[in-house]
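Student: Here is what each chain is made of, one letter per residue.
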Amino acid sequence: MSKRIAIVEDDPAIRANYADALKKHGYQADTYSNRRAAMAAFTTRLPDLAIIDVGLDDEVEGGFELCRSLRALSATVPIIFLTARDNDFDVVSGLRMGADDYLTKDVSLPHLLARIAALFRRVEVMAAPPAAEDILERGALRLDLKRMTAMWRGKPVDLTLTEFWMVHALARHPGHVKNREQLMREASMVVDDSTITSHIKRIRKQFSAIETSFDRIETVYGMGYRWSE
Amino acid sequence: MRHGKLPFSFGVRTKVVLASGILMLIPWLGYRFIVDMDHALREGQQRALVDLARLVVAVLRDTPPLLQQRAIEGQEGGQRQLVPVLHEPIRLDGDIQDWISQGADVQAYGGEQLIELHRPWSAKSLSFSHAIGRFENYLYAFFEVTDDHVVYCPANGIRADACDQLRISITGDDARYIVAASAPGPLTALRIPEGGRTQPAPDPAIAGVWRETASGYTIEIRLRAAAAGRPGFAIVDVDDGGDRRVSAVIAASEARGPVTAQAAFSATPELQRFVESILEPGSRLWIVDRTQRVVLRSNGSQRAVPADSAVASEKHNDLWRSFEANVLQPIYPLILAQPDERSGNAPATAPDLDKGEIERALAEKAGPGDLQAHDARTPFVSAGYPIVLGDQVVGAVIVKQAAREFGDIRRRAAGRTLTATMAALALAVLGLIVYASHISTRIRRLRAAAERAIDPVGRVRGPVSGSNAGDELGDLARTISELLDRLAQYTGYLENMARRLGHELRTPIGVVRSSLDNLRMHKLPDEMLVYLERADDGLTRLNAILTRMSESTRLEQIMKQSDREHFDLGKVAASCVEGYRSAYPGKHIRFAGPGTPIPITGVPDLIAQMLDKLVENATDFSKEGTPVEIQLSVEPANVALTVRNEGPPLPSEMADRLFDSMVSVRAAKSGSSVHLGLGLYIVHLVALFHYGRAWATNRADGKGVEITVRLPRYVSDPA
Chain A
1 MSKRIAIVED
11 DPAIRANYAD
21 ALKKHGYQAD
31 TYSNRRAAMA
41 AFTTRLPDLA
51 IIDVGLDDEV
61 EGGFELCRSL
71 RALSATVPII
81 FLTARDNDFD
91 VVSGLRMGAD
101 DYLTKDVSLP
111 HLLARIAALF
121 RRVEVMAAPP
131 AAEDILERGA
141 LRLDLKRMTA
151 MWRGKPVDLT
161 LTEFWMVHAL
171 ARHPGHVKNR
181 EQLMREASMV
191 VDDSTITSHI
201 KRIRKQFSAI
211 ETSFDRIETV
221 YGMGYRWSE
Chain B
1 MRHGKLPFSF
11 GVRTKVVLAS
21 GILMLIPWLG
31 YRFIVDMDHA
41 LREGQQRALV
51 DLARLVVAVL
61 RDTPPLLQQR
71 AIEGQEGGQR
81 QLVPVLHEPI
91 RLDGDIQDWI
101 SQGADVQAYG
111 GEQLIELHRP
121 WSAKSLSFSH
131 AIGRFENYLY
141 AFFEVTDDHV
151 VYCPANGIRA
161 DACDQLRISI
171 TGDDARYIVA
181 ASAPGPLTAL
191 RIPEGGRTQP
201 APDPAIAGVW
211 RETASGYTIE
221 IRLRAAAAGR
231 PGFAIVDVDD
241 GGDRRVSAVI
251 AASEARGPVT
261 AQAAFSATPE
271 LQRFVESILE
281 PGSRLWIVDR
291 TQRVVLRSNG
301 SQRAVPADSA
311 VASEKHNDLW
321 RSFEANVLQP
331 IYPLILAQPD
341 ERSGNAPATA
351 PDLDKGEIER
361 ALAEKAGPGD
371 LQAHDARTPF
381 VSAGYPIVLG
391 DQVVGAVIVK
401 QAAREFGDIR
411 RRAAGRTLTA
421 TMAALALAVL
431 GLIVYASHIS
441 TRIRRLRAAA
451 ERAIDPVGRV
461 RGPVSGSNAG
471 DELGDLARTI
481 SELLDRLAQY
491 TGYLENMARR
501 LGHELRTPIG
511 VVRSSLDNLR
521 MHKLPDEMLV
531 YLERADDGLT
541 RLNAILTRMS
551 ESTRLEQIMK
561 QSDREHFDLG
571 KVAASCVEGY
581 RSAYPGKHIR
591 FAGPGTPIPI
601 TGVPDLIAQM
611 LDKLVENATD
621 FSKEGTPVEI
631 QLSVEPANVA
641 LTVRNEGPPL
651 PSEMADRLFD
661 SMVSVRAAKS
671 GSSVHLGLGL
681 YIVHLVALFH
691 YGRAWATNRA
701 DGKGVEITVR
711 LPRYVSDPA
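These protein sequence lines map, in sequence, to chains A and B.
Its first residue numbered 1, the first sequence is counted upward by one per residue in my numbering.
Its first residue numbered 1, the second sequence is counted upward by one per residue in my numbering.
Keep in mind the hints are simulated off the structure, nothing from the lab.
All values reported here derive from a predicted model rather than from experimental measurement.
Glycine included, each C-beta is placed from N, C-alpha and C at the ideal position.
You may find that some hints are simply not true.
Straight-line distance between alpha carbons at most 30 Å, and here's what the computed DSBU-like set of lysine-lysine pairs gives [unchecked claim]:
(1) B:K523 - A:K201
(2) A:K23 - B:K703
(3) A:K205 - B:K571
(4) B:K124 - A:K201
(5) A:K205 - A:K23
(6) B:K623 - B:K703
(7) A:K205 - A:K146
(8) A:K201 - A:K155
(9) B:K587 - B:K703
(10) A:K146 - A:K3
(11) A:K205 - A:K24
(12) B:K571 - B:K703
(13) A:K24 - B:K523
(14) A:K205 - B:K623
(15) A:K146 - A:K201
(16) A:K155 - A:K205
(17) A:K23 - A:K3
(18) B:K623 - B:K571
(19) A:K3 - B:K15
(20) B:K571 - B:K587
(21) A:K24 - A:K3
If you anchor each label on the Cβ, the simulated ranges turn out as follows [to be verified]:
(22) B:E556 - A:K23: 55 to 61 Å
(23) A:K205 - B:N698: 34 to 40 Å
(24) B:Y584 - A:A37: 50 to 56 Å
(25) A:A140 - B:L688: 37 to 43 Å
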């Protein structure tokens, strides 16, 4: 049975394009142009994954509200935010809503599909009992590459998919400086420098929530970031 | 920013004070008023004097005994006046010696006794000494005359008006004689008949001798003393026999009327008393007769001047008096007509008569008036009134009065007017200064508020204060507020434009990109893929543009959210330089720092971003193969970060605006990099965030440009 993906997007062209691409890749795409229609459908039957635009018709932040409602219905449905807005406020707000990832609308379809695949994989791995594990350990850091989850000193770190990939890229080669472009490639992101800065900032914050003196992610000004041990 | 300020300019306050100079009209008007009042007072005094003169004249006319004809007076006087008795007869030899030996009273007669004058007179031209005496039935008289031109009568006969002569008037028998000579020696006396109807005939009753002297001549006569009275004598001086004109006549004794045949009179003691009783102190009165002889002279009563003004000024307190004495008195002379110095405050009496006045008084048949030319500076006023008997002017009354009392009145009035106007002026000017200061303060405050309303970045901070006033300045403040509002709206619109464009364009870009991606999923002929690549390229560039457009607003958001920390600027810069060396492999990037940590407070990410922009800018403008120098130098309070490059200098007109938003001096050049003129603006924003400033200058060696960012150093708390 193919996965059902809900696309909540008010722009008909993007909606149709995404739906076409998803169908081509074997997903079932349900499209909604506004929050009410989407919510009505969600209450009837939960989708396997939701791609939600932040601005919906006349509701500027209707997407956030929809995300919150959907998260109330299910704690596990992966949610990807899609928006034209890429400033920090939106990022932070979106993540607080419980979304699993956050993409700008100019993301390329292959990138989008990769994320969708990764999120489904994570859901499956989480559901299945841990088998052959693919674990990366760097000191107190433990990355579960199957589940795409991170642990610091034995406690789970709340990271989005993008952030997980960025941590993974840094931690794989400790001491090596990863510049922004490299990080972007690793995280399958097409974003600008300052968005990376805010992602890094958020990653540090999540680690600091567990250990206040966390300082493993080091900024190398003018070059990038590195994982120090 | 102030434009076009003149090197010299007056503030509003100065201008108002200058304009208040118009108020100087007030004291001037006061001065005009005082001058007019002065004239009016003078005219009043003048009129009063004329009235006084007219009164005297009226009294003279209506009370005949006061003004006596000389004939009557002579008669009466003759009875009173006794002729001295001689002890022995006088020899008629023209010599004064036997008079002196008998102790006779020799009296001098001169200008005072002039009864007729037709030529300029001096003591040399005509004066004489006279003595008289009686011996038995004869009267003897002696005259020693000083005369510069002695004119004798022609040999063929004596004429009344052609030669020097002695006139005798005997009041008792009403006889008149002319005594003259055609040569020194014995005299001839002619009796003048009554009414002048017959020719004068020689009269043997008078005998005498004419003797010439160095200064004139002497006459000695003897006449039968039939009459009881003392005769009247007059010496008639003729200087030129040809024109038959009398030069001057001097009378001995007061006997003139009958002698001269002129209307003459003299004052009685009653008249004198009357005049003195009506005359004010400080006034003088003269009565002159037609011959300009002064008949009566009065200096008025010698009563003390009542101290009215003194009493009046007692009312003022000491403060006022000292103010008047020290401040006002020195001012009065500048604006008021002052009496002459000599009479300023000294004698209250008027000066003596002069000839001009007498002549004017006598000449004024038609209407009496001021004998002076109208001159406010003369210390006295004068008036004349002619005495008319029948239709003939027989004399005049002249009154003079010191004008000094007006000085007091005038001064008091002037003082009051001056004080009032000056006080009003001072108050008005003070008020104007206060008001102008108030206005100018408000304007300055408004200007400062307007300047403050826009922050260094050019953003409007808020409305201008003082816009609740109801007047024009309030209107101005409101207008400025409105303008600022619109400017804020416009600036906001411009700022939002970049952001909104970014947002709004993302969706269509998403449409294009997803469409292209969908297209790519189909099997396409290879030649079609080229177009897909090109479309992708275009999209990437479009994205870059959008990113740059919203860069500065994103930066500001980062600034709002970032926490400042202490960090080593040197380390950040050095680390950045490492990155640049790999980012710009073709460029030689030099770095010079102090080697010691340079602690500053701020956000290292922002500093790095600022340095990115500076280096990006420097490499873009540097010539091929030339180095970009980055230098950190520590100053007492600041740290200076300088980025130098060799290349084209700054266009001078852009130097100030280089750090403004959307300003670029780059030539439009082809290439993939996008420049929106935000690079140095971001440098500016970051510098401001760190309480610093950025400058762009041409290098001292002229090879290119250097941009310096000066940031305050972090000085750790010693405690």
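Student: Taking the hints in turn, state whether each one holds.
Tutor: Hints, one by one, checked against the model:
Our distance criterion of 30 Å between C-alpha atoms is broken by K523 (chain B) and K201 (chain A), whose separation comes to about 42 Å. Between K23 (chain A) and K703 (chain B), the direct Cα distance comes to roughly 62 Å. Violation of the 30 Å bound is thereby established for this hinted pair. For the suggested pair K205 (chain A) and K571 (chain B), the alpha carbons sit about 24 Å apart, so the restraint of at most 30 Å is met. For the suggested pair K124 (chain B) and K201 (chain A), the alpha carbons sit about 133 Å apart, so the restraint of at most 30 Å is broken.
Distance hint between K205 (chain A) and K23 (chain A) is unfulfilled; the C-alpha atoms sit about 38 Å from each other, more than 30 Å. Restraint check for K623 (chain B) and K703 (chain B): the C-alpha separation of about 10 Å stays at or below 30 Å, so the hint holds. Taking the CA atoms of K205 (chain A) and K146 (chain A), the gap is near 24 Å; set against the 30 Å cutoff, the hint holds. A hinted pair counts as satisfied when its Cα atoms are at most 30 Å apart, and K201 (chain A) with K155 (chain A) qualifies at roughly 19 Å.
The straight-line distance between the Cα atoms of K587 (chain B) and K703 (chain B) is roughly 17 Å, inside the 30 Å bound, and the hint therefore holds. Between the alpha carbons of K146 (chain A) and K3 (chain A) the distance comes to roughly 19 Å, so the proposed pair stays at or under 30 Å and holds. For a cut-off of 30 Å, the pair hint linking K205 (chain A) to K24 (chain A) is broken: about 39 Å separates their Cα positions. Note on K571 (chain B) and K703 (chain B): the hinted pairing holds, with a Cα-Cα distance of about 29 Å set against a maximum of 30 Å.
With a C-alpha separation of about 13 Å, the suggested pairing of K24 (chain A) with K523 (chain B) holds against the 30 Å cut-off. Proposed proximity of K205 (chain A) and K623 (chain B) is contradicted: the alpha carbons are some 44 Å apart, above 30 Å. Annotation: proposed proximity of K146 (chain A) to K201 (chain A) holds, straight-line Cα distance about 25 Å (limit 30 Å). Between the alpha carbons of K155 (chain A) and K205 (chain A) the distance comes to roughly 14 Å, so the proposed pair stays at or under 30 Å and holds.
Restraint check for K23 (chain A) and K3 (chain A): satisfied, since their Cα atoms lie roughly 10 Å apart, inside the 30 Å limit. Among the hinted pairs, K623 (chain B) with K571 (chain B) is consistent with the structure: their alpha-carbon atoms are about 28 Å apart, no more than 30 Å. Restraint check for K3 (chain A) and K15 (chain B): not satisfied, since their Cα atoms lie roughly 86 Å apart, outside the 30 Å limit. For the hint linking K571 (chain B) to K587 (chain B), the alpha-carbon distance of about 21 Å falls within 30 Å, and the restraint holds.
With a C-alpha separation of about 12 Å, the suggested pair K24 (chain A) and K3 (chain A) falls inside the 30 Å cut-off, and the hint holds. A beta carbon spacing of about 42 Å between E556 (chain B) and K23 (chain A) contradicts the range 55 to 61 Å that was offered as a hint. For the pair K205 (chain A) and N698 (chain B), the beta carbons lie near 45 Å from each other, so the given range of 34 to 40 Å is not met. Taking 50 to 56 Å as the suggested C-beta distance range, the pair Y584 (chain B) and A37 (chain A) conforms, at roughly 52 Å.
For A140 (chain A) paired with L688 (chain B), a C-beta distance near 40 Å keeps the hint of 37 to 43 Å intact.
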